[in-house]
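Let chain A serve as the given structure and place chain B on it in line with the hints.
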Amino acid sequence: MIIRILIVLLSTCLADGLLSQECNPYFDKAYSPRIANYDIKLSLDHESKMVDATQQLKWINSSPVAVDEIRMYLYVNAFKNTKSSYLRDSNSRFGNDLSSKPAEGWGWVDILSMKEQRGQDLTDKLHFVQPDDGNKDDQTVLNIPLSTPLMAGDTLVLNLDWKMKMPETISRCGYSKADFFMFSHWFPQAGVFEQDRAGEWGWNCHQFLQGTEFYSDFGNYDVEITASQHLVIGGSGCKIKEEKNDDGTQTIAFHIEDVIDFAWAAYPFFDIVEDQWEHVSIKLMITEEHCMFGDRLISAAKSSLAWLDEHIGPYPYTTLTIMDPPLHGLRSGFMEYPTFITGGSFAYFPEGVRTLEGLIVHEFCHQYYMGMLASNEKEEPWLDEGFVTYVEGRIMDATYGEKKSLFDIFGYQLGKREMSRVEYTGLRDPAVGTLSRPGWEIKQDYKELIYRKTATVLETLRGMVGDLVMNDIMKTYFERFKFKHPRGEDFIATANEVVSKHHGDKFGDNLDWFFEQTVYGTAICDYAVSGVYFSGDNGEYGMFGDSSQKEYKAIDNGERMIRVRVERLGDMIIPVDVKFVTFEGEEIIKQWDGKAKVKYFDFEKSQRMRSVHIDPEQKIYMDIDLNNNSITVDPERSALYKYGAKALYWVQNALHTVGMFI
Amino acid sequence: MIRALTYGIKNGIKHWRAGLIVYAILLSLALTIGIQVFQVLEASIGNSLELEKLVKQYDHTVIQDFLKVHGASLSPLFGQLRWYILVYLIFSVFINAGLFHVITNKPKEDWTNFWRGGARYFYPFLKIGFFFLLMFSFWTGIIALPASIYIGKIFGKTLTEMPMYYVGIIAIILILMYWMVLMSWSINTKLSYLQNDTGVWSSIKYGFKLTMKSFVSSPRLLFLFILFQLIIVVAHLSIEGVLGMTSGLLIAIFFITQQLLVFFRILWRIMVYKGFNHYNFDPISENIL
Numbered sequence: 013m014i015i016r017i018l019i020v021l022l023s024t025c026l027a028d029g030l031l032s033q034e035c036n037p038y039f040d041k042a043y044s045p046r047i048a049n050y051d052i053k054l055s056l057d058h059e060s061k062m063v064d065a066t067q068q069l070k071w072i073n074s075s076p077v078a079v080d081e082i083r084m085y086l087y088v089n090a091f092k093n094t095k096s097s098y099l100r101d102s103n104s105r106f107g108n109d110l111s112s113k114p115a116e117g118w119g120w121v122d123i124l125s126m127k128e129q130r131g132q133d134l135t136d137k138l139h140f141v142q143p144d145d146g147n148k149d150d151q152t153v154l155n156i157p158l159s160t161p162l163m164a165g166d167t168l169v170l171n172l173d174w175k176m177k178m179p180e181t182i183s184r185c186g187y188s189k190a191d192f193f194m195f196s197h198w199f200p201q202a203g204v205f206e207q208d209r210a211g212e213w214g215w216n217c218h219q220f221l222q223g224t225e226f227y228s229d230f231g232n233y234d235v236e237i238t239a240s241q242h243l244v245i246g247g248s249g250c251k252i253k254e255e256k257n258d259d260g261t262q263t264i265a266f267h268i269e270d271v272i273d274f275a276w277a278a279y280p281f282f283d284i285v286e287d288q289w290e291h292v293s294i295k296l297m298i299t300e301e302h303c304m305f306g307d308r309l310i311s312a313a314k315s316s317l318a319w320l321d322e323h324i325g326p327y328p329y330t331t332l333t334i335m336d337p338p339l340h341g342l343r344s345g346f347m348e349y350p351t352f353i354t355g356g357s358f359a360y361f362p363e364g365v366r367t368l369e370g371l372i373v374h375e376f377c378h379q380y381y382m383g384m385l386a387s388n389e390k391e392e393p394w395l396d397e398g399f400v401t402y403v404e405g406r407i408m409d410a411t412y413g414e415k416k417s418l419f420d421i422f423g424y425q426l427g428k429r430e431m432s433r434v435e436y437t438g439l440r441d442p443a444v445g446t447l448s449r450p451g452w453e454i455k456q457d458y459k460e461l462i463y464r465k466t467a468t469v470l471e472t473l474r475g476m477v478g479d480l481v482m483n484d485i486m487k488t489y490f491e492r493f494k495f496k497h498p499r500g501e502d503f504i505a506t507a508n509e510v511v512s513k514h515h516g517d518k519f520g521d522n523l524d525w526f527f528e529q530t531v532y533g534t535a536i537c538d539y540a541v542s543g544v545y546f547s548g549d550n551g552e553y554g555m556f557g558d559s560s561q562k563e564y565k566a567i568d569n570g571e572r573m574i575r576v577r578v579e580r581l582g583d584m585i586i587p588v589d590v591k592f593v594t595f596e597g598e599e600i601i602k603q604w605d606g607k608a609k610v611k612y613f614d615f616e617k618s619q620r621m622r623s624v625h626i627d628p629e630q631k632i633y634m635d636i637d638l639n640n641n642s643i644t645v646d647p648e649r650s651a652l653y654k655y656g657a658k659a660l661y662w663v664q665n666a667l668h669t670v671g672m673f674i
Numbered sequence: 189m190i191r192a193l194t195y196g197i198k199n200g201i202k203h204w205r206a207g208l209i210v211y212a213i214l215l216s217l218a219l220t221i222g223i224q225v226f227q228v229l230e231a232s233i234g235n236s237l238e239l240e241k242l243v244k245q246y247d248h249t250v251i252q253d254f255l256k257v258h259g260a261s262l263s264p265l266f267g268q269l270r271w272y273i274l275v276y277l278i279f280s281v282f283i284n285a286g287l288f289h290v291i292t293n294k295p296k297e298d299w300t301n302f303w304r305g306g307a308r309y310f311y312p313f314l315k316i317g318f319f320f321l322l323m324f325s326f327w328t329g330i331i332a333l334p335a336s337i338y339i340g341k342i343f344g345k346t347l348t349e350m351p352m353y354y355v356g357i358i359a360i361i362l363i364l365m366y367w368m369v370l371m372s373w374s375i376n377t378k379l380s381y382l383q384n385d386t387g388v389w390s391s392i393k394y395g396f397k398l399t400m401k402s403f404v405s406s407p408r409l410l411f412l413f414i415l416f417q418l419i420i421v422v423a424h425l426s427i428e429g430v431l432g433m434t435s436g437l438l439i440a441i442f443f444i445t446q447q448l449l450v451f452f453r454i455l456w457r458i459m460v461y462k463g464f465n466h467y468n469f470d471p472i473s474e475n476i477l
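Protein chains in written order, with our numbering: chain A, 13 to 674; chain B, 189 to 477.
Bound-form chain A, shown alone (with noise of 0.2 Å):
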């Protein structure tokens, strides 16, 4: 044990897995339509946190209609003073106090040129525009107005050149001590020319946004870094030029395919940690002091590829980077980009707490719902989190054992899924808003609605229609929207179709009317066991005779029968399957459609009722509180005399410790 903790904190981060394969980022086909292509040089000064660069994209008008301006992200540019839309009346963002921050903490981006190939500078026209809120203040969105109109199918390439100031770390984005370097949301990005809900064409490009993250267009990227030869580089995609140069830098170079992102990061001490799944390279870049975690890490990625590949669809992409961020850049951990993923540890964090392999398979799971489904995050965030969370659950528990998959520390255990239902359920006030809607309108509890309730509502779809019909849902809506931009009513269409061809209309026509609860309504489910008892009046019961002959009778006539009262104390309304068990073993399960306020349920008096249960497979996750959804009339008691005498326990221990101290 001794000489295991010593190991421990004296290596560094030795990979014991197999070295990952030499990586191939090209594809043999085309796998999205691979509208904003980027071809990007530049130059990274760490003394200054400056960033000089080289831009080319080149992008595809795949619409019918003719284009004839080009909008496009400066997401930096949100970090550039308290008046962007992203930081106006906010005092903090993510535990960074904004009034004390000094002058070189803040970041911006500059456009110093931008020139079409077909030889016109566009430098002069450019403006920005603010879509959203009007916020004349905000640089976030630039509009690009085109010499003329780019016509169908016709490409569009525009060369910029570009300075950077990085900010410090703020949203992800950003520098830390040490020259550590997040760069994401860092580049000039096209938005999405679309077709809107009314089937007007034209620009999806929103303001940087609180609450919103991604919304972009399918490519390639060739991202080409020169930086100080101290630091240690990773990125999305392949490594494909690594070159040291005489002035001390180095330049590397990294190819990715078919995505809507790119991210990188940098930092002196990072070690590289190298293991491999199938055919995907799995790089691990982390800090010595979180060397102890690789194995973990590692091991999370590898079961959420084998799950994602088995249940949703395969992974296409050959590499995975992970990067833990030190203590100090921990603003820059928690995220996904494509191939990239950042997690968040802290050093000597124990087994039996997993949130560290919950991470890495959640920011994984990312690389599906997000980078692969590509829906709009912004407009309807519950696409992505939301999916991404369940998800989670699923392969968290499968991984690490229901119940038991987030924490299983001295006899504490929590599994990921019940942890979201109980967050979602947990809510104050658990119909706080309607998950369908734009991430920048919800101003409270997020995470509980966006993330958990969405968890929650697929959970209780998988009750009610099966793991297979889940399964089958899922790849099929993966199967029929990867690199595409989903929308909620695809994911719905796709339910209600596949619910159809395994349950034909045992449902009804389609499930519109669990998603209109759930999705766009917000209807709370609770169902309960309100009581058993006896019913009817035909019958003799007292004292009967005569003075010392008085003798106590219950004559039943045999027309009483048993009773059981069950209530829908919620306003959502959904099939239940109710258990009635009875003293001599007897069950009978019985189906309601879980529409009246009150249900009764008449037995014949023989048949005496033990216990009564709603939903006792719990299939119907989103039930509010579980413990009345059942009733038994032989309790058993040891649980709480298991409690009473811990806590009987506790309290002696507690008051004798207080005791010595006095």
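By construction, these hints were calculated from the structure, which means they are not laboratory data.
Cβ-Cβ distance ranges computed for the label pairs, FRET-style: (1) Asp521/A with Ile441/B: 56 to 66 Å; (2) Gln68/A with Ile358/B: 50 to 60 Å; (3) Gln227/B with Tyr545/A: 17 to 27 Å; (4) Asp441/A with Val275/B: 33 to 43 Å; (5) Ile441/B with Val645/A: 20 to 30 Å; (6) Asp109/A with Thr346/B: 11 to 21 Å; (7) Trp299/B with Asp558/A: 53 to 63 Å; (8) Arg270/B with Lys518/A: 48 to 58 Å; (9) Gln227/B with Asp583/A: 24 to 34 Å; (10) Leu333/B with Asp64/A: 44 to 54 Å; (11) Arg130/A with Thr346/B: 47 to 57 Å; (12) Thr367/A with Ile358/B: 21 to 31 Å.
Derived PhoX-like pairs (lysine-lysine); straight-line CA-CA distance at most 20 Å: (13) Lys345/B with Lys189/A; (14) Lys241/B with Lys591/A; (15) Lys341/B with Lys189/A; (16) Lys415/A with Lys241/B; (17) Lys459/A with Lys256/B; (18) Lys113/A with Lys177/A; (19) Lys53/A with Lys256/A.
By construction, the Cβ of each residue, glycine as well, lies at the ideal position given by its N, Cα and C atoms.
Below, chain B without anything else, positioned relative to chain A:
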């Protein structure tokens, strides 16, 4: 010191009668809370089938659903606890006075000596107890407060989290060492009051002198006693962790074990006092008892 330790253990057990009295007091006090918790649980989810899950293992869903719906029923209980602890602190002065009195007398007279000592020494022990409570709180704050402020300030500002851990560990070690010295001082003071029949302040001073004289050995003696106790408590937790309270029989077995452990902890306290008395005061007269 080992002699004091073995002496304390051997002769402390002889005062099982006093231990039994304290155990009965603790049990009746704890029952007032325990019974209420039991009643709230029984009235709220006592007839739910979900309760059966709690027998097998901890179930977060059952507990959370209970707290969410019936948590308010427990609120008055927490309100009571504040007063309960305050009253208990005063009552524990009586217990301490009784225990110190019995260990300086013959074990066979524990039944009467406990109550007699509790009554006779209550006020001086209240003053001593108040003094040491202040010392515990004040000096713990003196170490813990700057340490926590420092940790808060350097959070995320050092290259690694290790300096935070080091500061935290050093602070905890300092606090524990300090507690041990203070507890030795507290025991010596009370023994001094009983043995020398001087005033409260003189006893505190004499107790301090004694503790300083045996600055290393007194806390070390206390540490040995604590270690002895810790081994038994950890053994119990490990066995419970493996077997679990998962059936009526196991619940009964563990309930008895737990209650024996509580009784043992009280005996252990008597052993500590006995060992200190032997080590720092009259070891010859101790042998007569």
